[in-house]
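Undergrad: Just so you know, the sequences run in chain order S, Z and P. Here the numbering used here is used: position 534 in the first sequence is 534, and no number is missing along the way. Here the numbering used here is used: position 148 in the second sequence is 148, and no number is missing along the way. Here the numbering used here is used: position 216 in the third sequence is 216, and no number is missing along the way.
Just so you know, the hints here were simulated from the structure itself, not pulled from any lab data. One should not assume that every hint holds.
Each computed BS3-like pair below joins lysine-lysine, with the alpha-carbon atoms no more than 25 Å apart [what the hints assert, rightly or not]:
1) S:K291 / S:K276
2) S:K654 / S:K732
3) S:K744 / P:K177
4) P:K210 / S:K427
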Amino acid sequence: MTNTWQDIKNANVVIVMGGNAAEAHPCGFKWVIEAKIENGAKLVVVDPRFTRTASVADYYAPIRPGTDIAFLSGVMRYLLEKDAIQHEYVRAYTNASLIVKDGFTFTDGLFSGYNEDTQTYDRSSWDYELDKDGFAKADDTWQDPRCVINLLKQHVSRYTPEMVSRICGTPQDKFLHVCELIASTAAPDKAMTSLFALGWTQHSVGAQNIRSMAMVQLLLGNIGVAGGGMNALRGHSNIQGLTDVGLLSNQMPGYMNLPTDKETDFDVYMSTRQFKPLRPGQISYYQNTRKLFVSFMKALYGDAATQESNWAYDWLPKLDIPLYDIIKAFEMMNNGQMTGYICQGFNPLQAFPDRGKIRRGLSKLKFLVTMDPLDTETSRFWQDFGPQNPANSAEIQTEVFQLPVTCFAEENGSLVNSARWLQWHWKAADGPGKSMSDIWIMSGIFHRLRELYRKEGGAFPDPLLNLTWKYTDPISPDPEELAKEMNGRALADLTDPASGAVTKAGTLLDGFGQLRDDGTTSSGCWIFSGCFTEKGNQMARRDATDPREQGIAPNWAWAWPANRRILYNRASADPSGKPWNPAKPVISWNGTRWVGIDVPDYTPTLDPSKGVSPFIMNDEGLGRLFARKLMAEGPFPEHYEPLESPVENLLHPKVKNNPAARVFPGDRAAFGSPDKFPYVATTYRLTEHFHYWTKHGLMNAILQPEEFIEIGEVLAKEKGIEQGGWVKVTSKRGVVVCKAYVTKRIKPLSVDGKPTHVIGVPIHWGFTGQARKGYGANTLTPSVGDANTQTPEFKAFLVNVEKTSAPVAA
Amino acid sequence: MSASKTVITRYTTLNRVNHWINAICFVVMVLSGLSMFHPMLFFLSGLFGGGQWTRAMHPWVGIALLISYSGLVVQFWRENIWRKEDFAWLKAAQFVMVNEEEHAPPVGCNNAGQKLVFWSMTLLIPVLFLTGLVIWEVYFGESTPIPVQRAAVLIHSFAAIAAIIVWIVHVYAAIWVRDSMRAMTQGYVTPGWAWRHHRKWLEELASGQHGKNIIRKRP
Amino acid sequence: MSDLQSQDYVRRSASTMTPPSARSHEEQVAKLIDVSRCIGCKACQTACMEWNDLRPEIGHFEGTYQNPADLGPSVWTLMKFAEYENEQGNLEWLIRKDGCMHCEDPGCLKACPAPGAIVQYANGIVDFISDKCIGCGYCVKGCPFDIPRISKTDHKSYKCTLCSDRVTVGLEPACVKACPTGAIMFGSKADMTHQAEERIIDLKSRGFEKAGLYDPAEVGGTHVMYVLHHADKPSLYSGLPDKPQISPMVTVWKGIVKPLAMVGVAMAALAGLFHWVAEGPNEVTEADEAEGERVLRESETEKSS
């Protein structure tokens, strides 16, 4: 979230698209209700199904799964055509005026630089035209046809209401009404918040879905303001924390990228990350990257990280491919390239696409270690549970170690919520049985591995042997100690150049502003710096005082970065420093400094007359309507059909799917065609359950006991399917036999004149736990991910459905 | 009043046993039923071990009552067939009420009043049984819609009150008409009793219509 | 069943005496359920199960999100889901939390034959005092909302208590505390009515012209009220009665029939008594015996001759 849960109440329009906030985030959804009741907000829902969120919405419009970019590009076209944009904001705070290189083109669904063989782009043309000083050229009059706003206008011009309706199946009048509601927030004192979740991410074009709405928000001037923003509702109590500390194969803590194998030299690595400002006088925060990196390496290797050793840069792994995501991991497992798997707090047999492939992969392992508080399906993949998990145990040689761990309520620690708050929590009870904390288990594995390397050597023992491990209890480090390590310390006496204040060696840092690139500071996760200072554990603060009743309680827990609650909040004020919306100011310039209810996302004493643009994490300081080289499939979002789709791409039939999607040949062979699998399926959660955990809880099992799919009345009638009757849902990859919920909430959509049926597949049932046994939605889903993140395409794929009888237990 | 030497068997042992089973069932039904009918009478549930016991037992005794009453119907339906002369007796019932039975036409085995009691009960007991089934919560609570149950409970109440009133008439008549009680306890009546109350029946007896063994020496 | 005591009672089932009503100065409470902001998450159901420590069986999927399938001795509140296509052809998903309405004039209490098994407290809560319940199911027939359910295990009737145990000690009912969107509110009936008025103004401004409060006068008002978008058609909400009333059958049964029947029975008995007093027994006379004997004798003679 750029903003906070509480801040949603400041919105004038709440759009829920690519998510189902009421269903999946019922507690946070109270702020949407608050916005409606206290702020007169309109709630708009765009979703393939009439969801629980839609049930309390002011307006609902249906959409075919996987066509959000077409819808949102249509919205952008509408806003630009009706001139319903916040001009001053767009001109001053976005890259609308910047001029794009001549080489950049878009023809027939492809941007310039496409390489068909590698299915990747050479992105060099996706950038600004630079002047002789290396600054991006601009045309503030927007006359130049190559300036971003004009290229954008041209790019979205194809998304007429007719075209949007043909692609998305959304009736034109409904689409236009949504456009109208969205456009109402172009006024400087009006804001729209976008709430989304996996409904946008779980697509082969997931990241571009989100970018599309971010662009809409920039055009409306809704980023950085109260009640605005792009608000990803995280689906897991600590999934925000997971990405923050870099638990992805290509990342390090604080969103620093791991080096690639082309960056064997430390200076080369640094040169591509310390972004030079692209506009005169601009602040580009990532010029500080060296400080962040060196401090991280000091936290990792302590005294072994020295100037001479390039801060132990050589000990970092270098990626040979963009990332080793889970789809890749299971591909390797199936190919015999990965033979051991430590599965910590994760249930891939339920959670990852093409369950059959996951099961085959696990069956080829030498060993599998599962660490989980629950008896997961993954740890039982080898056991025959009847039709829901038909396994021949005798043929499976995988040795499985099932390690029970404590859960969040059985240990101290912090969780990072969607609003980036680090909230400390306290142990409530001891774990049951022989469960141990994840920290204890991981420490144990570390010590034994290190001992093995120490005794037996190995190809490259240094990274492990030199790791610092200076905890009071090395067997089970205390969570507070780990938190302090992430916060960072002064390793020598530090003198502040401006104030002359001295920070003594050994003291905890107050924030990442103190980090140095000379090895005198350490910080395990720079964005968390400030969470645990000499003043104590900031995450444990519980003062709910909200000075303006505007949803910002600065002394409740601690938010990264720097306890800032609304990102880009400099953009909440106009170029002269006056809030766009005087009724809901976030920060403003009082003549000498920036003041307000939030920590400024800007230099606190920087005079607005200096003209430094607000988006200081970008090297041009501007919000990007044109993404430059940062996206795999293009700097503008473009509608590509899901990998499994019932229709051709109406815009460019030759380029149907995301051209930069990575598809393994075996997975491609497992894609179904619309003649055999004519219906569009989409997966989702229900309020009654959380993923595959709560089916282990009696009460949740009572509230939603049994696997089912949702199917519209028209298709059900066509197929003779009765309410609550048994159905067989088939994709090219597997079969699910479950009950049918015949509902008015899913209606056939008219896509390019043809009726298109959508099937809803809730995900929660498996073969362990208290609820009735189920096959699991991932039995059906295709193994392909977003081209940037490899988040699997769970939200749009093809199935067939037939009436059947109850499954017979083997 | 001199004791006659001969007596007439009015009710056989089977008749009497069946009747008294029926009577016990009926009284239990009345007491338990009333305890669930009016708060003033809830105390009666104490006779049966409390409210839960009363509620649980009442329908089972109801089944017993139905079976037992069916026995009575099989045994007594013939002599209760309504005849023309019953109207004449009813017209003269005012004389019967003031103990001037001699002004009423002679009656057979049962007079019109007795027949009315018999047929009232024959109607009311099945009605009570059927409506009782509908409101038998434990087994049939979900078998019928609630509006049907509401009607059933109301009909059940009306029928029960009617049955109780009929029963009071029956009991009082047995007390008022002296020696009737003995007919149902020891089984016999005197020729004088038969002469006074059921003269035609006596004549039938005398003519041997009801068999020989019916008249015997006083025990 | 709560830890209140008899002085809290303003109504008591099957009781001919007047309850003390010693606390009738207490403010009437009400739970207000704003259907227009309910998302059907079932947190209320869970909270109810938790607080009252109830665990119904794990059921089956029955073609609706409504789980368990029905209210029960262990299911005191239940989300009901209705898919409704309005006049404009737009879908509305009307989700209503079902449970005891705590009528001001409770049909269950009226129908109950067990003294003190159903009581109403001064604050308006209608509560079942289970140890006095005899399991007859009359409350089921008395209720205009089809709420009480009789347990097959202990043969007692159960329903929502409005968390009378919590309310007594100044807490809100468990469902109210758990509701994430504030759709369930609790307070004095006056405050809740006022709150509802504000909500209705908002709903009307959003195009629900028939929005209104469901507080049916036919049962004297209720201590659980709904804000409905379609107050003109409550039955759209999974069969919420349009005009709930205690069935005339029940009114007749528990009203006029009771005294009439008692009078009737008493009259019959008294009639007998006074008849006896006035006329005395109908006795067989010696003459009758003689006549009887004669008839028998004559027939003997006839037969033997």
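Undergrad: For which of the previously enumerated hints does the structure constitute a violation, in increasing order of number?
TA: 3, 4
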